[in-house]
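> Residue numbers (our numbering), protein chains in the order written: chain A, 3 to 118; chain B, 3 to 118.
If you're looking for bench data, these hints aren't it; they were derived computationally from the structure.
We treat Cβ as the ideally placed atom computed from N, Cα and C, and that holds for glycine.
Don't take each hint at face value.
Covered stretches of chain A (in silico footprint by chain B; criterion: 3 or more residues with CB under 8 Å from a CB of chain B, positions within the stretch not fixed) [what the hints assert, rightly or not]: (1) 18 to 32; (2) 35 to 41; (3) 54 to 61; (4) 71 to 78; (5) 86 to 92; (6) 103 to 117.
Just some of the chain B residues that point at chain A, by a computed CB distance under 10 Å [unchecked claim]: (7) V5; (8) V40; (9) F61.
Chain A is faced by these chain B residues, among others (derived, beta-carbon under 10 Å) [claimed, not checked]: (10) T9; (11) G32; (12) P34; (13) H35; (14) M38; (15) E57; (16) I78; (17) V83; (18) L105; (19) L107; (20) I108; (21) W116; (22) Q118.
There are 2 protein chains.
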Amino acid sequence: MRVNHYTDTPAESAGVPGVTVRWVIRESDGAPHFAMRVFEVEPGKASPFHTHWWEHEVFVLSGRGHVKSADGTHPIRESSVVLVSPNEEHQFVNEGDDVLRFLCLIPHPSLEGWAQ
Amino acid sequence: MRVNHYTDTPAESAGVPGVTVRWVIRESDGAPHFAMRVFEVEPGKASPFHTHWWEHEVFVLSGRGHVKSADGTHPIRESSVVLVSPNEEHQFVNEGDDVLRFLCLIPHPSLEGWAQ
Numbered sequence: 003m004r005v006n007h008y009t010d011t012p013a014e015s016a017g018v019p020g021v022t023v024r025w026v027i028r029e030s031d032g033a034p035h036f037a038m039r040v041f042e043v044e045p046g047k048a049s050p051f052h053t054h055w056w057e058h059e060v061f062v063l064s065g066r067g068h069v070k071s072a073d074g075t076h077p078i079r080e081s082s083v084v085l086v087s088p089n090e091e092h093q094f095v096n097e098g099d100d101v102l103r104f105l106c107l108i109p110h111p112s113l114e115g116w117a118q
Numbered sequence: 003m004r005v006n007h008y009t010d011t012p013a014e015s016a017g018v019p020g021v022t023v024r025w026v027i028r029e030s031d032g033a034p035h036f037a038m039r040v041f042e043v044e045p046g047k048a049s050p051f052h053t054h055w056w057e058h059e060v061f062v063l064s065g066r067g068h069v070k071s072a073d074g075t076h077p078i079r080e081s082s083v084v085l086v087s088p089n090e091e092h093q094f095v096n097e098g099d100d101v102l103r104f105l106c107l108i109p110h111p112s113l114e115g116w117a118q
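This is chain A alone, in the form it adopts within the complex (with noise of 0.2 Å):
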């Protein structure tokens, strides 16, 4: 058993101007199948409007904005659930005035393919 603040987990760029990730839970603390990152999102940012083979199950500690997907936009607040479904477009955006900072869960790589 592992017990600690998410903040003992370093920040790391995600890649996105205003954007930051922490691996709190990862393949090499021996988390068996799925991986939990924390995101903070600055006012005014984004993530990428991209898409990959793997979900993401989100939840929002903080903050508001939405989520774009093909079929429009969704707001998000605190508390919000997501799914976001393999190969399915999606962006996070902040549109309030403090850091939207959320949970996202994503399945190892080595997984891939065995949802098929």
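For this one, chain A is given, so just place chain B on it according to the hints.
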């Protein structure tokens, strides 16, 4: 994509007095690999001290308490991150005056044996 609020999912008894669970993302929602649940433990209540093949990835949303494991107890509070390994004994105990609310993610049953 599905976006909602965690309270849109009804709370069910978790089989223990004073403990409820909301399956906010489950396999029947189209989640390919793992499920997201929100647990609420009333003050003075606890989950059973138990074990199973699947891991837990936990993020504490509010409240305070501890996690008991075979090697002792570990304090938890808002923003604590807990990884419970497969087959590790564990129990979540509310020691505060408010509800202890946490996310707890688990792999789908069909992944049993995959990571061995």
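> For this structure, which hints from the list above don't hold up?
none
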